[in-house]
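Participant: Next come the chains, spelled out residue by residue.
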Amino acid sequence: MSLIEVRAPGLLTTVQDLGREGFGPMGVSPSGAADAVALRVGNRLAGNAEGAAGLEMTLLGGSFFFREAAVVALTGSDFAPTLDDERVETWSSVEIRAGQTLQMGPTRAGARCYLCVRGGIDVKSFLGSASTHLLSGLGGFEGRALRKGDVLKVGRAIEGFRTFRKRNLARRALEKLSPRKVLRVTAGPQSDWFSKEAWKLFYRGTYRVTEESNRMGLRLEGAAIASASGGEMISEGVSLGAVQITASGLPIILFVEQQTTGGYPKIANVISADTSSLGQLRPRDEIRFELVEMEIARALLVEQEELLVSKELILG
Amino acid sequence: MTDLEPIAGVRNLHPAYCSLLIKFDAMLLRHEQLEEILRGYIDRMEKAALPEPRLVEIPVCYGGEFGPDLEEVAELHRITSAQAIELHASTHYLVYFLGFAPGFAYLGELPEALVTPRLTMPRRGVPAGSVGIAGSQTGVYPISTPGGWRLLGRTPVAMFRPERAEMSLLSIGDRVRFVPISRERFAKAKLENA
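One line per chain: the protein sequences are A and B, in this order. Numbering of the first sequence is given in my numbering, commencing with residue 1 and proceeding in unit increments. Numbering of the second sequence is given in my numbering, commencing with residue 1 and proceeding in unit increments.
The set of hints was computed from the structure by calculation and includes no laboratory data. A virtual CB, placed ideally from N, CA and C, is assigned to each residue, including glycine. Each hint should be verified, as a subset may be incorrect.
Stretch by stretch, here's where chain A covers chain B in the computed footprint (C-beta under 8 Å, at least three residues) [as the list claims (entries may be wrong)]:
# : segment
1 : 22-36
2 : 163-174
Heads up, incomplete: computed chain B residues facing chain A, CB under 10 Å, no partners named [to be verified]:
# : residue
3 : 7
4 : 10
5 : 17
6 : 99
7 : 102
8 : 182
9 : 183
If you want the ones that stay clear, here's a sample from chain B, every Cβ over 12 Å from chain A, calculated [as the list claims (entries may be wrong)]:
#  : residue
10 : 40
11 : 57
12 : 144
13 : 188
Please model the complete structure; the sequences and the hints are all you need to start from.
Facilitator: What follows is the structure, given as structure tokens:
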């Protein structure tokens, strides 16, 4: 069995896969990688099924000692990774020899970097997923962020990937998949609770991501918006990327570890093709919203999914 | 019905008071298609057989450090703490749905004389097992989270037990009654559960 020692955990490093769907009736949100596109591509580069469990690092990366040889890929934000002090490429497969240390620094742009290891990170599955749900302390590695001294197990690699072959993400795909600061949204279930003026403020304004943003939600600063209801409504289910307008008039975008129901009116919803971009936003980033029709949202998702499963995605 | 006859492409369900949010795979289904399928379910909804509701008793140690808002709630309604406990524990509540956090059941309705708004400033940490009220709802925090409900007491019973087949103590449609217990009983039950 192959093992990885955590020499430094980084700011907030968790085991994530694509999350657990289907447990909404119990109040359990899916969790999963904040930038699912980066995790999926990372797994393909490392030679895994796209939903294998990897490490999600936040703003500041960790340092990992590989007891055995491994093949890895680093995707998402560039945290200036080095292997025994030699710079290694991101969005590319990397061969690691036994006894080498992979070290990441702080982010250069974006918020999250993914470390995918051939074979995946092997943790006990909870409700069918390896994802850590930080709020409830469930799933992942002991239900928590990694600490110094933790030892991670690497799973068994799927067949056909025993030997190393350099793989890169096609440049065109990297451009197409790069995170957006102008988030495309569809109208939310309560969008008609807001006046024309409120809509104008929301769609013309620039919003800043605040420090109180995490995997549960992104709190924004900017033009406050008044809703007809004065802020509260009867609780209902809320979806990933829902843009709630709180009593203060400021938006919160619900994210992967979201509460499953909520009582604030939702002016908009980030489209599925752009939810991964949310995972790369960090405090003080400025974002805007662009309204699109449902058909466009669907077409953009189909385009993204086709690219993610295409043969041209990976070179080598 | 969606449990017995699952719809291909549906990924998740979020029932609430008077709504059901359905998350589906947009690569497999279109809105119009799903709407069409759901219409068939809605037409048969009145005829669907529901499981017999269970009555679940939840022991609660009221007041003190376990129920830091009990006295204030009683004062607001010009009753004694004992009367507030009596009111809260004398009602059979319905589990409307689970949401917010794993195993958090929205229970209602509170007796009129206990209906109280949320705290203006939510607490940063509410201990697991805390029994709170908000508006005409009541509920138990299964895990320690931030929260704005007013806290009346605490239960030693685990509401969310990920290691068990039936993870959540409560399910949609259950009836719930709170049973006041002493600090000694609470401590003993805590030990037994540990």
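Participant: Closer than 8 Å, Cβ to Cβ, for at least three residues: run that test on the segment 163-174 of chain B against chain A and report holds or violated.
Facilitator: With 3 residues in contact (Cβ-Cβ under 8 Å with chain A), the coverage given for the segment 163-174 of chain B holds.
Participant: Are residue 99 (chain B) and chain A close enough, Cβ to Cβ, to be under 10 Å, as the hint says?
Facilitator: Constraint on residue 99 (chain B) satisfied, holds at 3 Å.
Participant: Is the claim that residue 40 (chain B) lies outside the interface with chain A correct, judged by CB distances over 12 Å?
Facilitator: It holds; residue 40 (chain B) is separated from chain A by about 21 Å at its closest Cβ, greater than 12 Å.
Participant: With a cut-off of 10 Å on the beta carbons, see whether residue 182 (chain B) makes it to chain A.
Facilitator: violated, 29 Å
Participant: Are three or more residues of the segment 22-36 of chain B within 8 Å, CB to CB, of chain A?
Facilitator: Check passed, 5 qualifying residues.
Participant: According to the definition I'm using, a residue is off the interface if its beta carbon is farther than 12 Å from all beta carbons of the partner; does residue 144 (chain B) meet that for chain A?
Facilitator: About 9 Å separates residue 144 (chain B) from the closest Cβ of chain A, which leaves it inside 12 Å; violated.
Participant: Is the Cβ of residue 188 (chain B) farther than 12 Å from every Cβ of chain A?
Facilitator: holds, 25 Å
Participant: Less than 10 Å between beta-carbons is the criterion; does residue 183 (chain B) satisfy it with respect to chain A?
Facilitator: Status violated, d = 27 Å.
Participant: Hint validation: residue 10 (chain B) versus chain A, beta carbon distance must be below 10 Å. Holds or violated?
Facilitator: With a closest approach of 9 Å, the residue 10 (chain B) hint holds.
Participant: Would the stated hint for residue 102 (chain B) survive a check requiring a Cβ distance to chain A of less than 10 Å?
Facilitator: Result: holds, 5 Å to nearest chain A Cβ.
Participant: If you take the shortest Cβ to Cβ gap from residue 17 (chain B) to chain A, is it below 10 Å?
Facilitator: holds, 5 Å
Participant: Would the hint on residue 7 (chain B) stand, with a C-beta cut-off of 10 Å toward chain A?
Facilitator: With Cβ-Cβ at 12 Å, over 10 Å, it is violated.
Against the hints set out earlier in the document, violations occur for numbers 3, 8, 9 and 12.
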